[in-house]
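> Those protein sequences? They're chains A and B, same order as listed. The opening position of the first sequence corresponds to residue 1 in my numbering, with each subsequent residue numbered one higher. The opening position of the second sequence corresponds to residue 1001 in my numbering, with each subsequent residue numbered one higher.
Among the clues, some could well be false.
Derived pair list, reagent style BS3-like, types lysine-lysine, alpha-carbon separation capped at 25 Å [unchecked claim]:
{"#": "1", "chain 1": "B", "residue 1": "Lys1023", "chain 2": "A", "residue 2": "Lys457"}
{"#": "2", "chain 1": "B", "residue 1": "Lys1202", "chain 2": "A", "residue 2": "Lys445"}
{"#": "3", "chain 1": "A", "residue 1": "Lys356", "chain 2": "A", "residue 2": "Lys257"}
{"#": "4", "chain 1": "A", "residue 1": "Lys450", "chain 2": "B", "residue 2": "Lys1202"}
Which residues of chain B face chain A? A partial, calculated answer using Cβ under 8 Å [as the list claims (entries may be wrong)]:
{"#": "5", "residue": "Ser1010"}
{"#": "6", "residue": "Met1038"}
{"#": "7", "residue": "Phe1119"}
{"#": "8", "residue": "Ala1120"}
{"#": "9", "residue": "Gly1127"}
{"#": "10", "residue": "Pro1130"}
{"#": "11", "residue": "Leu1212"}
{"#": "12", "residue": "Leu1330"}
{"#": "13", "residue": "Pro1333"}
{"#": "14", "residue": "His1335"}
Calculated directly from the structure, the hints in this document are not laboratory data. Cβ coordinates follow ideal geometry from the N, Cα and C atoms, glycine included.
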Amino acid sequence: MAHDLRDSPQLEPDVSKSLLPQSCQLVIFGATGDLSWRKLLPAVYNLNIDGVLPTHFAVVGFGLPAEGRVSGDPDEYIRQRAKDGINRFSRQPLDDNHWADFARALFLVPGSFNDARAYAQLKAKMEAIDQQFGIPGSRVYYLAVPPILVGTCVEHLKSAGMIADPQEQRSFTRVIVEKPIGRDLQSARDIMRVVGACFAESQTYRIDHYLGKETVQNLLVLRFANSIFEPLWNQKYIDHVQITVAEEEGLAQYDPKTGEMIATRAGYYEGVGALRDMVQNHMLQVLCLVAMEPPWSLKPDVVRDAKVGVLNCLRHMTPADVEKNVVRAQYIEGDIEGKRVPGYRKEVRESFEVMKKPLPPESVHSTTETFVALKLFIDNWRWAGVPFYLRTGKRMPKRASEVAIQFKDVPQVLFSAQADVPLEPVVLSLRVQPEEGLAMRIASKLPGPKVHIYPVKMEFNYSSSFGGTSPEAYERLILDVMAGDATLFMRRDGVEAAWRFVMPILDHWEQLHVRDLPEYQCGTWGPVEADRIIVPDGRHWRTL
Amino acid sequence: MTESKPRTVSLGAVERELLRQMKELQGPGERPVQRARMANLVIYCDSQERAARLNDEIPEVVNVHPARVLLLVADAESPSTELETTVLVRPLRIGSHSFGFSEQVTLTAGRGAVHHLPFAVRALLIGDLPTNLWWAAPVAPPFAGPLLYELAEHAQQIVYDSMGWPDPARGVAATASWLDQIERGGPGRWRVASDVNWRRLKYWRRMLTQSLEGAEDRGLFESASEIRVEHGRHAVVQAWMLMSWLTGQLGWKVQTGRVEPGIEMIWRFHGPTGEPLLRIHRTEEGPPEIQRIRIGCQIDERDAALDLYVQDGQRLAMRVEGVEEAPRTLTVPPHSPAELVGRQLSDRERDPDFRASMSVAQVMARSLLE
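Construct the complete structure from the given sequences, taking the supplied hints into account.
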């Protein structure tokens, strides 16, 4: 029940106050891992440069590197790792002064997540850091760990007495749970039950970094702060919506000089696939923002109620619907950035060799989808009959995510003389990444004596209009957790509703026991099979 | 403001580098960068020499129709297996007070890297803008192989120039069939193909159309016994297309054809009142274009001729031989090849006259090849 989840005054914070992060320690579980290296540590570094972190603040990493042990000083180890990640991935370059300030408040406690003694060491270290930095015992635990380890971590935290009561006034404890929450509905419920047994809902922040992106947040502003859009935002005027999340990256990363594999996500991705990795969370969350009813306030639970309202209206698919409206595929050898790159199965095999782990039998001929396209419907008054086409894939020609609203055609009366060149429909596209911004394509008359129509594109680009670089999504979201603002985080009922929509698809796929998936070359926009869910409707996938 | 210095970057760094160069050219200040781009223009050529010529022409093309230019250079001389990517930004005057920027990415592929080009193009196209492929290689598009099809995957228009095709008869025959394959309809999927050479014929066709008006009453074209077209080097296909259009308009049907290599092509037609002859004759001198059309006919049962020719290089003139009256003239605005391409980019409607002309041209070509 929704009202059960609002059991704390912290769930409805004053919005202006919520923007002030409170003193705390950020404790990153899995600090030696890929997410921390690429995103989390650079994000905190950027917050440090921007001067928005609380004055009493420190970062404590927890975990073990892949090699199983840290040789030398653990704090120096994590500092070097952070420095490397910042050098490679930070939106702002490494600055010696800022780095020194950041590094002195960065620590690592090496230890296994299922080792009670390690938690004791962590606790002791945190208490010492509280003393050193004047932190009032507040904690933000960031669980950057695989879903299977979430329960282990929170139970140990509870057993070790490392979770403050949600009613505690002097300090707070909050936990950030990374997606995916589970690998199906049941495991998601299991994780949320275990987390719920240790943390109150008001202490729990289920993160989806897409929701921290400027353009995604701008969706609400675009829709509800501009009078021209909302009256058109319905089945009467909108022909269809396309949401695309295209990744250039594949499973593995290679050194451009030597061609050697330098990083791989195989341990996480293999067996998970695009539907779980992208659709169930990011894409459905974005869909919610596109399709939700106007919330009556920007209080976190009001916005989240409106989003869950969309998920509850998604038309669930029968096996026949899945066959007709969902296409999955896997990339094969192709071309990215002018270089030949291997297919998915080869990358899986090589990844396990690099990780020095045995290849699981089901991965020998992996049927993990790296591409999925689907057509779905929202059965409510606003969206009746409007198809939403979702498409995501790895190893596509470029990294590009967008929401495109295609408006219905005008009656073909005035300007239909040339049937071979139909009028391009009006499209409003919101680019989530890269080059966040929005564009609108409209028809215009070409100058000259005859009526020739030409599509023109009006563009707004954040970086060229406002200058500088927008904060990374993780920066905004980590700051929100420190401030206690849960607006951009997923609520438990929202996660369950998303899984309920996805489960019939996963169940049907599991029953099929396919040996091979449709294929697409790296560097292309997906398999030809993806056309079958859109072309018969008289529409086509957009070129991004 | 001058153009930026071309800079070689990795393919993944193109967008960042474009923005950097634009900001650098714009200088300090808060104004948003204005990017002038109405279309994607993918240009394919097959030599460095041709690429250098195109580089000179591109500013004029984008001045007529601002576009993101992707210049693809397949350099058969180079054994490289890598793509080299060079980025260049040019200022473009917008109105009287402000500047925008046009952008060019040059992708150079050695022999071993040509297959990378379609992938690179996919990554660099801008969505929601019409995409044009300018096939700037001397080989006729039907003979280009799968590369052209891959490059044209997202194109709504393929622009080519039949000027100077090395084997005109085979080129014309194959292109007419190719047009049927490559052009398509349907929302969002349509595609047209356009020959720059056909665009060059605009004023000749206008002149001939004006000649046809009223000529019917005088039986001028009905009595035509021979049409002789003179053209300069490289302009045989131009002359051929004009004549295939004209004979189609007149309802003539091809009977036989023969060719005297490098000199003349001759066809005999079935006309309404006889078997007229068409000669397309190459002259050794003069510019690479149609220079004169002489239509031998009868007026008032006397032998006569309609003479159409280029006058002073700026206008077309028409007169009836033996009649003392001032020739009718039509001013032809000078259009460089680059300007013709630029204008073609916004002209995306299928031209039924072009297709009809190509159908007749194909029959004419087959009569030569049989």
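> Each hint should be assessed against the structure and marked as holding or not.
Against the structure, the hints come out as follows:
1. B/Lys1023 with A/Lys457: holds, 21 Å
2. B/Lys1202 with A/Lys445: holds, 22 Å
3. A/Lys356 with A/Lys257: holds, 23 Å
4. A/Lys450 with B/Lys1202: holds, 16 Å
5. Ser1010: This interface hint holds because 7 Å falls under the 8 Å limit.
6. Met1038: Check passed: Cβ of B/Met1038 comes within 7 Å of chain A, closer than 8 Å.
7. Phe1119: holds, 4 Å
8. Ala1120: holds, 6 Å
9. Gly1127: Constraint on B/Gly1127 satisfied, holds at 4 Å.
10. Pro1130: holds, 6 Å
11. Leu1212: Because about 22 Å separates B/Leu1212 from the closest Cβ in chain A, which is outside the 8 Å limit, the hint is violated.
12. Leu1330: Check failed: Cβ of B/Leu1330 comes no nearer than 17 Å to chain A, outside 8 Å.
13. Pro1333: At about 14 Å, which exceeds the 8 Å cut-off, the nearest Cβ of chain A leaves the hint on B/Pro1333 violated.
14. His1335: violated, 15 Å
Hint violations for this structure: numbers 11, 12, 13 and 14, all remaining hints satisfied.
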